[in-house]
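S.K.: With the hints as constraints, model all of the structure from the sequences given.
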Amino acid sequence: MSEPVIEVEDLWFSYGVEPVLEGISLRVERGDVLGLIGPNGSGKTTLLKLIVGLLPLQQGTIRLFGQELRRFRERARLGYVRQRSWDFERNFPASVEEIVRMGRVPRLRWGRWSRADTEAVERAMRAVHVAELRARPISELSGGQQQRVFLARVLAQEPEILLLDEPTAAVDPKVEAEFYELLGRLNREQGLTIVLVSHDIEAIVTQVTKIACLNRKLLFCGTPQECLASDLLERVYAGKKLVRHQHSWG
Amino acid sequence: MFEIFEFEFMRLAFVGGTIIGVLAPTIGIFLVLRRYGLIGDGLGHIAFGGVAFGQLVKVDPIVMAIAYSVAAALGIEQLRVRGRLGGDVAIAIFLSSGLALGLVLARLARRSTDQLWNYLFGSVIMLQPRDILQLALIAALVLGVLFVVRRELFFVTFDEETARASGIRVGAYNILLVMLAALTVVSAIQIVGLLLISALLVLPVAAALQLARSFRQALSLAVGSSLLSVYGGLIGSYYLDTQPGPTIVLAALVLFVLVNLGRSARFRVA
Chain A
0 MSEPVIEVED
10 LWFSYGVEPV
20 LEGISLRVER
30 GDVLGLIGPN
40 GSGKTTLLKL
50 IVGLLPLQQG
60 TIRLFGQELR
70 RFRERARLGY
80 VRQRSWDFER
90 NFPASVEEIV
100 RMGRVPRLRW
110 GRWSRADTEA
120 VERAMRAVHV
130 AELRARPISE
140 LSGGQQQRVF
150 LARVLAQEPE
160 ILLLDEPTAA
170 VDPKVEAEFY
180 ELLGRLNREQ
190 GLTIVLVSHD
200 IEAIVTQVTK
210 IACLNRKLLF
220 CGTPQECLAS
230 DLLERVYAGK
240 KLVRHQHSWG
Chain B
0 MFEIFEFEFM
10 RLAFVGGTII
20 GVLAPTIGIF
30 LVLRRYGLIG
40 DGLGHIAFGG
50 VAFGQLVKVD
60 PIVMAIAYSV
70 AAALGIEQLR
80 VRGRLGGDVA
90 IAIFLSSGLA
100 LGLVLARLAR
110 RSTDQLWNYL
120 FGSVIMLQPR
130 DILQLALIAA
140 LVLGVLFVVR
150 RELFFVTFDE
160 ETARASGIRV
170 GAYNILLVML
180 AALTVVSAIQ
190 IVGLLLISAL
200 LVLPVAAALQ
210 LARSFRQALS
220 LAVGSSLLSV
230 YGGLIGSYYL
240 DTQPGPTIVL
250 AALVLFVLVN
260 LGRSARFRVA
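Listed in order, the protein sequences are those of chains A and B. According to numbering that gives the first Met the number 0, the first sequence is numbered sequentially starting from 0. According to numbering that gives the first Met the number 0, the second sequence is numbered sequentially starting from 0.
Each hint should be verified, as a subset may be incorrect.
[As the list claims (entries may be wrong)] To be clear about the criterion: a stretch of chain A counts as covered by chain B if any three or more of its residues have a C-beta under 8 Å from a C-beta of chain B, and this derived list gives those stretches:
1. 66-76
2. 105-113
[As the list claims (entries may be wrong)] Listing some non-contacts, in silico: residues in chain A with all C-beta distances to chain B over 12 Å:
3. Asp9
4. Glu17
5. Glu21
6. Pro38
7. Ser84
8. Asp86
9. Phe91
10. Ala93
11. Gly102
12. Ala130
13. Glu131
14. Ser141
15. Glu180
16. Arg187
17. His198
[Said to hold, decoys possible] Quick partial rundown of chain B residues pointing at chain A, CB under 7 Å, derived from the structure:
18. Arg150
19. Glu151
20. Phe154
21. Ala164
22. Gly166
23. Gly170
24. Asn173
25. Leu208
26. Arg212
27. Phe214
28. Ser219
29. Gly223
The hints are simulated quantities; they were obtained by calculation from the structure and are not laboratory data. A virtual CB, placed ideally from N, CA and C, is assigned to each residue, including glycine.
M.R.: Now the structure itself:
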């Protein structure tokens, strides 16, 4: 059995009275590409935020690399790309390279920048093809390009697990397909474990090795084939036909 | 032209102005990008309360102003973090009560309004070498700390949530930032005054943001335009016989307007 990198046990969470997560148990192993799907408001983002420590643990346990979340200090091993990462201050003056260099900050020793840091930044920019955009201001780039820059930033951090929250919600289907292709490559070539939140199952079904379907409770966890074969999606999405969403970027 | 440098106080004003001219936009760029632009205003008003209290209890007014504004900076940040009040409301509360307290205390200390005026709007004529030394020490401290934490602060400023998720202690950096802002505001007391320092934190940065294509560029442009405003303002005030503080601020405003006009003209051509 391969090594579990994220273990969630009987996790409950509520923002007020109503729980948004009810007794979730989930296990992610090294090298997995887990697609976390579910309708809006199903608790996907909440689960991710609990894992990366942005929300306080209320009930249940989370272990990262076998260590209790409370005691876990090596946060740089987790790379998190938040929802709406392109939603930043419009006139923020930052070049692509400056953004990607942020990814090294959690890895710096005593705040000292070394040659290894520069190399990690270069590798990350090349991996997602943004090296040639390095001097461009982030605000001038297209949605797809910005997406790649934020992926480069998290790759520069050299995480072992990537957690992405709706990373393609603002790009067109072609860019989206390229983005998932890229994630697949990172998983195969670098052995990166990936957790991907999406409400768009069609877009991710061919890219992931495991699917977890969430609607406050964990309804299903297994291979994409098993998931598609079951009638679960129909039930979860209440008969809504699952179509690829056409998002406009503007 | 150079007769201006024949006066000791003018030479000191240029040295002090240079220090403030570098310091204010360097901290200001982080404040503006975090939408904390008004905190300088709030802290200035509060520092005034500190000055008046210092006079009343016969403690160095600058020391008391630092104590007041640093404490208030922590208070504002606490109110904001707890989420009960927006950052702007927190600043507004401290701002008006700080000024009110200052005026009441000044009255109790029986100080003349002239002296108050100097603290509020700056008074380079009263500058002593000792003041410049004090200013230089504060500036060295603030700039030194900023240099050490620049990468973390840049990350937190751009994307607080991601910074927090990657283990950066966002709360600590936010507190550090407002404390450094408090020190900067007080250090400017004699050059531009407590009520006008906010302009020097914000205006040169606002001008730089119109042109910059990277953070590094924005910082250089902001410092450059701040120094231009300070020198222009000091020279202008000498020849027009106006107060240096407000003249510096007006120079910064003119520069900001010119940059905006230039930018829109360029877009029309392009």
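S.K.: All hints are to be evaluated individually against the structure, with a verdict given for each.
M.R.: To see whether the hints hold, each was checked on the structure:
Against chain B, the region 66-76 of chain A contributes 4 residues with a C-beta closer than 8 Å to a partner C-beta. That satisfies the three-residue criterion, and the hint holds. Given as covered by chain B, the region 105-113 of chain A passes the check, having 4 residues with a CB less than 8 Å from a CB of that chain where 3 are the minimum. Even its closest Cβ contact with chain B, about 23 Å, leaves Asp9 of chain A beyond 12 Å, as expected for a residue assigned away from the interface. The beta carbon of Glu17 of chain A is kept farther than 12 Å from every beta carbon of chain B, the shortest such distance being approximately 20 Å.
The Cβ of Glu21 of chain A sits about 24 Å from the closest Cβ of chain B, beyond the 12 Å cut-off, so the non-interface label holds. With a minimum CB-CB distance of about 23 Å to chain B, Pro38 of chain A clears the 12 Å threshold, and the non-interface call stands. Not every beta carbon of chain B lies more than 12 Å from that of Ser84 of chain A, the smallest distance being close to 7 Å; the non-interface claim is violated. Remark: the non-interface label on Asp86 of chain A conflicts with the geometry, its nearest Cβ contact in chain B lying 10 Å away (cut-off 12 Å).
At roughly 6 Å, the least C-beta separation between Phe91 of chain A and chain B is not larger than 12 Å, which violates its mark as non-interface. At roughly 5 Å from the closest C-beta of chain B, the C-beta of Ala93 of chain A falls inside 12 Å, breaking its exclusion from the interface. For Gly102 of chain A, the requirement that its beta carbon stay farther than 12 Å from each beta carbon of chain B is not met, with the minimum near 8 Å. Distance check on Ala130 of chain A: its Cβ is at least 16 Å (rounded) from any Cβ of chain B, clearing the 12 Å threshold; non-interface status holds.
Annotated as non-interface, Glu131 of chain A keeps its C-beta farther than 12 Å from every C-beta of chain B; the closest such distance is 15 Å. Every Cβ of chain B is farther than 12 Å from the Cβ of Ser141 of chain A; the closest lies at roughly 17 Å, confirming the non-interface assignment. Separation of Glu180 of chain A from chain B is adequate, the least Cβ-Cβ distance of about 24 Å exceeding the 12 Å criterion. Distance check on Arg187 of chain A: its Cβ is at least 25 Å (rounded) from any Cβ of chain B, clearing the 12 Å threshold; non-interface status holds.
In this structure His198 of chain A is separated from chain B by more than 12 Å, as the shortest Cβ-Cβ distance comes to about 20 Å. A least Cβ separation of about 5 Å between Arg150 of chain B and chain A falls short of the 7 Å threshold, and the interface hint therefore holds. Hint status for Glu151 of chain B: holds, given a least beta-carbon distance of 6 Å to chain A, under 7 Å. Here the hint on Phe154 of chain B is kept, as its CB sits about 4 Å from the closest CB of chain A, short of 7 Å.
A least Cβ separation of about 4 Å between Ala164 of chain B and chain A falls short of the 7 Å threshold, and the interface hint therefore holds. The interface hint given for Gly166 of chain B holds, since its Cβ lies 3 Å from the closest Cβ of chain A, which is under the 7 Å cut-off. With a cut of 7 Å, the hint placing Gly170 of chain B at the interface with chain A is violated, because the nearest CB-to-CB distance is about 13 Å. Among the interface hints, the one on Asn173 of chain B is violated; its C-beta lies about 16 Å from the nearest C-beta in chain A, farther than the 7 Å criterion.
Interface restraint check for Leu208 of chain B: the shortest CB-CB distance to chain A comes to about 5 Å, inside 7 Å, so the restraint holds. With a least beta-carbon distance of about 5 Å to chain A, the hint placing Arg212 of chain B at the interface is held under the 7 Å criterion. Annotation: Phe214 of chain B was flagged as interfacial toward chain A, and the flag holds, the nearest CB pair being 5 Å apart, inside 7 Å. Restraint check, Ser219 of chain B versus chain A: the minimum CB separation of about 11 Å is more than 7 Å; hint violated.
Interface restraint check: Gly223 of chain B against chain A, minimum CB-CB distance 14 Å, threshold 7 Å, status violated.
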